[in-house]
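Participant: Once you've looked at the hints, dock chains B, C, D, E and F against the given chain A.
Protein chains: 6
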Amino acid sequence: MSTIKRVEQPEHDPRVKAVFDDIRATRGKDYINNLWHYLAFDPALLEETWRDVKAVMAAPTLLDPKTKEMIYIAVSIANACPYCVHSHTAAAKSKGMSDAEHAELLRIVATAARTNHLLNALQIPIDEVFDADVR
Amino acid sequence: MSTIKRVEQPEHDPRVKAVFDDIRATRGKDYINNLWHYLAFDPALLEETWRDVKAVMAAPTLLDPKTKEMIYIAVSIANACPYCVHSHTAAAKSKGMSDAEHAELLRIVATAARTNHLLNALQIPIDEVFDADVR
Amino acid sequence: MSTIKRVEQPEHDPRVKAVFDDIRATRGKDYINNLWHYLAFDPALLEETWRDVKAVMAAPTLLDPKTKEMIYIAVSIANACPYCVHSHTAAAKSKGMSDAEHAELLRIVATAARTNHLLNALQIPIDEVFDADVR
Amino acid sequence: MSTIKRVEQPEHDPRVKAVFDDIRATRGKDYINNLWHYLAFDPALLEETWRDVKAVMAAPTLLDPKTKEMIYIAVSIANACPYCVHSHTAAAKSKGMSDAEHAELLRIVATAARTNHLLNALQIPIDEVFDADVR
Amino acid sequence: MSTIKRVEQPEHDPRVKAVFDDIRATRGKDYINNLWHYLAFDPALLEETWRDVKAVMAAPTLLDPKTKEMIYIAVSIANACPYCVHSHTAAAKSKGMSDAEHAELLRIVATAARTNHLLNALQIPIDEVFDADVR
Amino acid sequence: MSTIKRVEQPEHDPRVKAVFDDIRATRGKDYINNLWHYLAFDPALLEETWRDVKAVMAAPTLLDPKTKEMIYIAVSIANACPYCVHSHTAAAKSKGMSDAEHAELLRIVATAARTNHLLNALQIPIDEVFDADVR
Numbered sequence: 000m001s002t003i004k005r006v007e008q009p010e011h012d013p014r015v016k017a018v019f020d021d022i023r024a025t026r027g028k029d030y031i032n033n034l035w036h037y038l039a040f041d042p043a044l045l046e047e048t049w050r051d052v053k054a055v056m057a058a059p060t061l062l063d064p065k066t067k068e069m070i071y072i073a074v075s076i077a078n079a080c081p082y083c084v085h086s087h088t089a090a091a092k093s094k095g096m097s098d099a100e101h102a103e104l105l106r107i108v109a110t111a112a113r114t115n116h117l118l119n120a121l122q123i124p125i126d127e128v129f130d131a132d133v134r
Numbered sequence: 000m001s002t003i004k005r006v007e008q009p010e011h012d013p014r015v016k017a018v019f020d021d022i023r024a025t026r027g028k029d030y031i032n033n034l035w036h037y038l039a040f041d042p043a044l045l046e047e048t049w050r051d052v053k054a055v056m057a058a059p060t061l062l063d064p065k066t067k068e069m070i071y072i073a074v075s076i077a078n079a080c081p082y083c084v085h086s087h088t089a090a091a092k093s094k095g096m097s098d099a100e101h102a103e104l105l106r107i108v109a110t111a112a113r114t115n116h117l118l119n120a121l122q123i124p125i126d127e128v129f130d131a132d133v134r
Numbered sequence: 000m001s002t003i004k005r006v007e008q009p010e011h012d013p014r015v016k017a018v019f020d021d022i023r024a025t026r027g028k029d030y031i032n033n034l035w036h037y038l039a040f041d042p043a044l045l046e047e048t049w050r051d052v053k054a055v056m057a058a059p060t061l062l063d064p065k066t067k068e069m070i071y072i073a074v075s076i077a078n079a080c081p082y083c084v085h086s087h088t089a090a091a092k093s094k095g096m097s098d099a100e101h102a103e104l105l106r107i108v109a110t111a112a113r114t115n116h117l118l119n120a121l122q123i124p125i126d127e128v129f130d131a132d133v134r
Numbered sequence: 000m001s002t003i004k005r006v007e008q009p010e011h012d013p014r015v016k017a018v019f020d021d022i023r024a025t026r027g028k029d030y031i032n033n034l035w036h037y038l039a040f041d042p043a044l045l046e047e048t049w050r051d052v053k054a055v056m057a058a059p060t061l062l063d064p065k066t067k068e069m070i071y072i073a074v075s076i077a078n079a080c081p082y083c084v085h086s087h088t089a090a091a092k093s094k095g096m097s098d099a100e101h102a103e104l105l106r107i108v109a110t111a112a113r114t115n116h117l118l119n120a121l122q123i124p125i126d127e128v129f130d131a132d133v134r
Numbered sequence: 000m001s002t003i004k005r006v007e008q009p010e011h012d013p014r015v016k017a018v019f020d021d022i023r024a025t026r027g028k029d030y031i032n033n034l035w036h037y038l039a040f041d042p043a044l045l046e047e048t049w050r051d052v053k054a055v056m057a058a059p060t061l062l063d064p065k066t067k068e069m070i071y072i073a074v075s076i077a078n079a080c081p082y083c084v085h086s087h088t089a090a091a092k093s094k095g096m097s098d099a100e101h102a103e104l105l106r107i108v109a110t111a112a113r114t115n116h117l118l119n120a121l122q123i124p125i126d127e128v129f130d131a132d133v134r
Numbered sequence: 000m001s002t003i004k005r006v007e008q009p010e011h012d013p014r015v016k017a018v019f020d021d022i023r024a025t026r027g028k029d030y031i032n033n034l035w036h037y038l039a040f041d042p043a044l045l046e047e048t049w050r051d052v053k054a055v056m057a058a059p060t061l062l063d064p065k066t067k068e069m070i071y072i073a074v075s076i077a078n079a080c081p082y083c084v085h086s087h088t089a090a091a092k093s094k095g096m097s098d099a100e101h102a103e104l105l106r107i108v109a110t111a112a113r114t115n116h117l118l119n120a121l122q123i124p125i126d127e128v129f130d131a132d133v134r
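Protein chains in written order, with numbering that gives the first Met the number 0: chain A, 0 to 134; chain B, 0 to 134; chain C, 0 to 134; chain D, 0 to 134; chain E, 0 to 134; chain F, 0 to 134.
Here chain A stands alone, though its shape is the one from the complex (with noise of 0.2 Å):
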C-alpha cells in the first residue's frame, strides 16, 4: 500500500531516467529501491531528494561511509520510520557495519533514548558550562 501510486514506465520521463541512471552509476548496482520509483511522481522531488542523499551520504566527506550510514539509522529509529531504518541498515551492512556494529549501534541508541527520556522528564537546567558561546 502506499499514498502514492507507484508510477509505471517511471524512465519514460527523461528527468527520472537521469536520476536512475545517476543512482545506478553512483551505487555501481542495477537495483533502484521503491523509493525513487514512487519519488517518480513527481520529478523536481525525485531530483532534490536525490542531489541532498547523494551531496550527504555518497560524496567523500570527512566521516567514513559506515558511520554516515550509523547516523542516519539513528535518526530514523528515533522518528519511527520503518522504511528508512530498513533501506540505511541494508546500507550500512554492505558498507561493511558487522553484527557486533550494529549491536553496539543500538545500545547507543537505546541509552540515549533512555536519558532523552529521563531529562524530559527532569526539565532540569542546562548547565552554563555547555553553552558554546562561553566556551
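No lab work stands behind these hints, which were simulated from the structure alone.
Take the hints with a grain of salt, since some may be wrong.
A pair holds if it fits inside one copy or across any two, identical chains being indistinguishable in the list.
Said to hold, decoys possible - In silico BS3-like cross-links for lysine-lysine, where the CA-CA straight-line distance does not exceed 30 Å: (1) Lys-4 <-> Lys-65; (2) Lys-92 <-> Lys-16; (3) Lys-4 <-> Lys-53; (4) Lys-53 <-> Lys-94; (5) Lys-92 <-> Lys-53; (6) Lys-53 <-> Lys-65.
Facilitator: Just chains B, C, D, E and F, lined up with the frame of chain A:
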C-alpha cells in the same frame, strides 16, 4: 526550574558519593553536571543510569568515543531533548569533534529527518531485498 | 492485527448506529472505515472521537476542507501514524488535492523536518521579535 | 515568550469567566495556570480544551486520579512537552505521588523508551498471539 | 521482515538459554515472543535488555503490574512503536486490564497528546508554582 | 545558550554576506534572525539551508504563502521545535494569519494529534480503499 528538587549535599548519602566519585574518576575531572545532582533524589535510579551510560559511553568498545557521542547527539536531536543535545555536544567536542565534523553531523541528521518524513508520508512497501531474514 | 477486537455487528448498539449514520450522512457515502468499526468497542470513546473530528474537519470553518486535510496529514506524518496518513491523504484527494499539491505538501513537510532537526541541534536563543507579548 | 499574546483581563469575557470559575470550583483553588490565560484568546478553543481535560482528568472514572496523572506525564515526556511535564508532575504530586513513585514512573518511562527504540530498530514481525482479533 | 536475521536454535548458546529459561520462569509460560528470538543475535544485548525489563516490569515494586503496563503502553504509543504497543497491550490484558480500562487509557493518552501539541504550539512561560525547587 | 558559538561579524565572509543579502532582499527587511547568524559557522550548511527554505517557502508555488507557513507550523509543533514554532508563527502572522485562523490551526493540529495517538494505540489494519495503487 525542574520537576524534582535538587538534592542539597547529595554526597552525604554514601551511595550517591560512590557514583559521584566514579563519575569523577571515569571522566578525569571534578565537575559533576546537573543531571546527576538531580537524579540523586533516588539513589537506585542514579546508580542504574550511571551504570548504563558508563558501560556504553565510557568503556572502550568497537566504536571510538567521538563517533559514539555523535550517534548519541543524533538520537537526542530527533527526540527533542535540549539538555541531552547540550551535554553530548559538549562531550563530543571534548573528545575531538571539530566544527566541520559537527556541521557534517547536522547535515546527515537533517537529511535523514527529511527522508524520514517523506517516507512516512509515502507509506510505500519495503523492498524485500532489505529483509535480513532473506539476505 | 489490532490491539482491540473488531466489533461484530457494531450497529446492533443504538449509540454506535447513531454515530455510523451520522458519519454516512456527513460524508455522503456508505463506506465506514476501519477506525470507527474498532472504536465501536467503547461507544463513549467512539462518540467523542467522531464529535471532535466532525466539528473540526467536516463543519464549515475559516479554512477550506482541502487545506484542513493537508494540515492534518502534515501532523500525522510527523507523528508517524500510518493509518492517519493513509486515511487523510485519501480524504485530501477526495477534496481536490492534486498530485502537484501533494508533492508541494511533501516538500514543505520535508523542509520543516530538516530545519526542525537543525534548530533542535543548535539550541539557539529565540529572537525577541518573535514574542507575541512584545509585538 | 509565547506565540499568542496573553489576554489582559480575560474574565471580562463572560465565556472565559465561566471556564475560569469552573476551573476554580473543580480544583478547589483560586490559582489559574498560564495555559488557560493564553487559551483565552479564543474562547471556543478554551471551552473545548477545558471540557476535554475536565471530563478525562477531573471527573471520577475507573482509574484513580494519581494514576491518571502518571499516565499523562508519561505521554508528555515522550512528546517532549516541557509545560505539560511540569504542570502534570505538579498535579500528580498534589494528588499524592511520592518521590519514590515518581522515581518508579521515570524508570518505567525510561525502560519503555529503551525498548521502543530497540524494536523500531529491529523491525521484527509482531507475534500473532498479540492479535486481539485472534485471542 | 526485520533488520536482523532471526537466530536459528538460539538456545544452543548457553547465555541465550539462560535468559530464555529465566523469561519462562518469570512469566510462568513457555512462549518466548519474537523480540527475544531476534535479540539473541547479540547475547550481551539480550541479557541487558531482559535484566532491565525484568527489574522494572516483573519484580514487585510500588505500582501494581497492570498500572505499570498501562504506563508502558502510553509511552509506546507516543513513540509510535507498533511491536511495543501490541506486546504490552497483550501483557496489560493478561494482568487484568479490562476493555473499559483500556478505553480509559486511550482517552487519557489522546487528551494528553492534544494538550501536548497545544502547549508546544503556544510556547507559553511555565508557571513558577510548578518549580520543584521552589515548592 | 547554544551548541554552536555565534559568529562575530559573519558578513566578513563573502559567502555568508551573499546569503544574508539574499535573505534581506527576499524578505524585504533588514533583520536577520538568529538561525542564520549561528548557521554562519559553516557557510556551506548556511547556503544549503537557505537555498531549500527559499525555494519552498519564499518562491511562488501552488499554495499561498500563509497556507505554507501554517503547514510548516504544524510539522514544527509535532516535532517539538520551539524556535521553529516561534519563527514560523511570526512569519504566518506577517503573511496574514489572523488570530481566528491561528486558533483553527491549533484545533486541527490538536485533533490530528489526538487521533494519531488513538490509531497508534489501536494498530488496526489500513482499509484497502486508501491504497493509491488500487484507486
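Participant: Against this structure, judge whether each hint is valid.
Facilitator: Taking the hints in turn, this is what the structure says about them:
Taking the shortest Cα distances, Lys-4 and Lys-65 sit within 30 Å of each other only across copies (20 Å), while inside one copy they are farther apart (33 Å). In the homo-oligomer, the alpha carbons of Lys-92 and Lys-16 lie at most 30 Å apart both inside one protomer (27 Å) and across protomers (28 Å), since each shortest distance falls under that limit. In this homomeric assembly, Lys-4 and Lys-53 come within 30 Å of each other (Cα to Cα) both inside a single copy, at 25 Å, and across copies, at 28 Å. For the homomeric pair Lys-53 and Lys-94, the shortest alpha-carbon distances inside one copy (15 Å) and between copies (28 Å) are both at most 30 Å.
Proximity of Lys-92 to Lys-53 under the C-alpha cut-off of 30 Å is found in both arrangements, the shortest distances being 18 Å within a copy and 27 Å between copies. Taking the shortest alpha-carbon separations for Lys-53 and Lys-65, both the intra-copy value of 15 Å and the inter-copy value of 24 Å come in at or below 30 Å.
Checked against the numbered hints listed earlier, the structure breaks none of them; every hint is satisfied.
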